[in-house]
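Peer 1: First to last, the sequence lines map onto chains A and B. Just so you know, we're using this note's numbering here: the first sequence kicks off at 40 and counts up by one. Just so you know, we're using this note's numbering here: the second sequence kicks off at 249 and counts up by one.
Read the hints as simulated data drawn from the structure, not as lab findings. Some hints here could point you the wrong way.
What the hints assert, rightly or not - Pairs of lysine-lysine, BS3-like flavour, derived with a Cα cap of 27 Å:
1) B:Lys-433 - A:Lys-94
2) A:Lys-52 - B:Lys-349
3) A:Lys-94 - B:Lys-349
4) B:Lys-433 - A:Lys-144
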Amino acid sequence: MSEKLVIKGLTKKFSKTDGVENINLTVKERELLTLLGPSGCGKTTILRAIGGFHKIDSGKILLDGKEIQNLPPEKRPTGMVFQSYNLWPHMTVYENMAFGLQIRKHSKAQMKEEINEMLKLVRMDGSEKKYPGQLSGGQQQRIAIARALVLKPSLLLLDEPFSALDAKIRGQMREELKRIQREAGLTVIFVTHDQEEAMAISDTIAVMRRGYMEQIGKPEEIYDNPKTRFVAEFIGEMNFLEEGGTSFAVRPEDITLIKQENGPYRILQMMSLGHYTQAIVVDNKGNEVKVFMEKDEARLFAADDCVACRFDRKQVFAA
Amino acid sequence: MKRLYYGLGKRKFLEWILLAVFLLFFYGPLFHMLTLSFAGDYEYPDAVPHTFSLKWWDYILSKGQMVESIGTSLVLAIVVTVVSLLICLPAAYAIARYSFKGRGMVRLSFLLTNAFPKMGIYTAMAVIFYKLNLMGTFVGVVLVHIVNTMMFMVWIPSGAFRTVHIQQEESARDVGASSMRVFFKITMPMAWPGIVVASLYTFLGSMEEAQGSLLIGLPNVHTMPSELYGVIMSFPDTAGAVFAIILLIPSILLLIVFRKYLSAEALSNGFKM
Numbered sequence: 040m041s042e043k044l045v046i047k048g049l050t051k052k053f054s055k056t057d058g059v060e061n062i063n064l065t066v067k068e069r070e071l072l073t074l075l076g077p078s079g080c081g082k083t084t085i086l087r088a089i090g091g092f093h094k095i096d097s098g099k100i101l102l103d104g105k106e107i108q109n110l111p112p113e114k115r116p117t118g119m120v121f122q123s124y125n126l127w128p129h130m131t132v133y134e135n136m137a138f139g140l141q142i143r144k145h146s147k148a149q150m151k152e153e154i155n156e157m158l159k160l161v162r163m164d165g166s167e168k169k170y171p172g173q174l175s176g177g178q179q180q181r182i183a184i185a186r187a188l189v190l191k192p193s194l195l196l197l198d199e200p201f202s203a204l205d206a207k208i209r210g211q212m213r214e215e216l217k218r219i220q221r222e223a224g225l226t227v228i229f230v231t232h233d234q235e236e237a238m239a240i241s242d243t244i245a246v247m248r249r250g251y252m253e254q255i256g257k258p259e260e261i262y263d264n265p266k267t268r269f270v271a272e273f274i275g276e277m278n279f280l281e282e283g284g285t286s287f288a289v290r291p292e293d294i295t296l297i298k299q300e301n302g303p304y305r306i307l308q309m310m311s312l313g314h315y316t317q318a319i320v321v322d323n324k325g326n327e328v329k330v331f332m333e334k335d336e337a338r339l340f341a342a343d344d345c346v347a348c349r350f351d352r353k354q355v356f357a358a
Numbered sequence: 249m250k251r252l253y254y255g256l257g258k259r260k261f262l263e264w265i266l267l268a269v270f271l272l273f274f275y276g277p278l279f280h281m282l283t284l285s286f287a288g289d290y291e292y293p294d295a296v297p298h299t300f301s302l303k304w305w306d307y308i309l310s311k312g313q314m315v316e317s318i319g320t321s322l323v324l325a326i327v328v329t330v331v332s333l334l335i336c337l338p339a340a341y342a343i344a345r346y347s348f349k350g351r352g353m354v355r356l357s358f359l360l361t362n363a364f365p366k367m368g369i370y371t372a373m374a375v376i377f378y379k380l381n382l383m384g385t386f387v388g389v390v391l392v393h394i395v396n397t398m399m400f401m402v403w404i405p406s407g408a409f410r411t412v413h414i415q416q417e418e419s420a421r422d423v424g425a426s427s428m429r430v431f432f433k434i435t436m437p438m439a440w441p442g443i444v445v446a447s448l449y450t451f452l453g454s455m456e457e458a459q460g461s462l463l464i465g466l467p468n469v470h471t472m473p474s475e476l477y478g479v480i481m482s483f484p485d486t487a488g489a490v491f492a493i494i495l496l497i498p499s500i501l502l503l504i505v506f507r508k509y510l511s512a513e514a515l516s517n518g519f520k521m
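Working from the sequences, and respecting the hints, build out all of it.
Peer 2: In structure tokens:
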């Protein structure tokens, strides 16, 4: 796979503490890379810098080998979809989609074909004559994605596109996006603060914190081997424990409960979460530990049972 | 009357009386003016003329200067509206979109012209206009009118621009539109109701403006309202009535055509601080 986007030493400061500094990032062809982090970590700043909506202080942005950092947004071969208010309410779906094509002087017949094809891809064919106000939030985001894709962008930029939607639709849209990306062979940069979403759709995740990259890697890599305590805490569930003066971290699914009278832990609560069960156990000092187990296994335990914990996989982080 | 009172019930009856008083208050003078304009034989303080005719219409329409003033007023109102759109829309956009030092002051400064007694400002302007040779010129009158309309023309469109989300403009840039195209194809159409309302106020305001036109425009520029002063002073009531009705026609036509834009929302958006 060849390199699609290369960012070298990108710096964009809003104030002394606010902004991103010396960012280096490579996105490969047909890759879906997610910038993941809490709000204010700079993920959107990077995305907007790539799209041309922030003038950067220093650094280089290379797309398909060409420097684009000095181009205005309308001259960049990127397509952006925002969290909301993407569509123009005074235009129909067709007019929304045709806006960029008209600027590129496509013929009417060609335009119609391209728009139809794109609407089919996002499963919104037949909605050409509707106004954005007549569509649901999820449908509007589909149209926004289609409008970006109809211009055949070299790189698709998605700025929390699903976070204004309700949970169920959000899940559907993730699957849709993954399918569209596969079918159209897209390179995508996706920004989100939702680690579950990032785990689900990404080929690569870049975890960000306070303006720099904490860790870049495949989702499973980041989940199994978080490099820092921040990443471990931010991605998935993690217990932070102390034993004999050394502190370590362990995932709830890497703990096995063993029935033991006078065991060091007592079960506080058992909670069925559908396909698995969550137990919260507490030691005599009041430290709570979260444990995930299979449903069958959970039948052996009840609240107030005394247990011991076996930690199958510990991780240690420098302070 | 008694029959009506008991037939309707006390509450309904009082409501009807109130409505009648209201109608009389609002439409009475208008109706009176209308009948007077078609009077043939009329003596003050009669309510209704003795005979009806079109003789005062003939009279007004035969006065060259008055007919001319109708044209002058219409042209003036159109020029004032267009010029203040050109001046104020960019200002309104800047105030809506960019946060810069003293933005609040800039907004308030448009209110200032409306806060002072008009005549004071006009006399001050007249002094400057004398030096610039703008007294008695069309350009001078246009400037005076714009001073009046600027607040509406900046505040209302500015409120309308603020209802356009920045993402909607950025998406348009993203698909390849230059900033000019974004303004004319995305921002303007979305802010259209606010712009229409502001233009309407400007047009009507210019149509009825008299003080400034009198002071700056005379003796060369005669607008309908400034002529109306003369008509009322030196001709019978009936002539004034005819002229007033002519002055009313464009306002009423505009209000009917653009009534769907005249929402409280468009106005209140403009006055949010």
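Peer 1: Okay, which hints does this one fail, numbers in order?
Peer 2: No numbers; nothing is violated.
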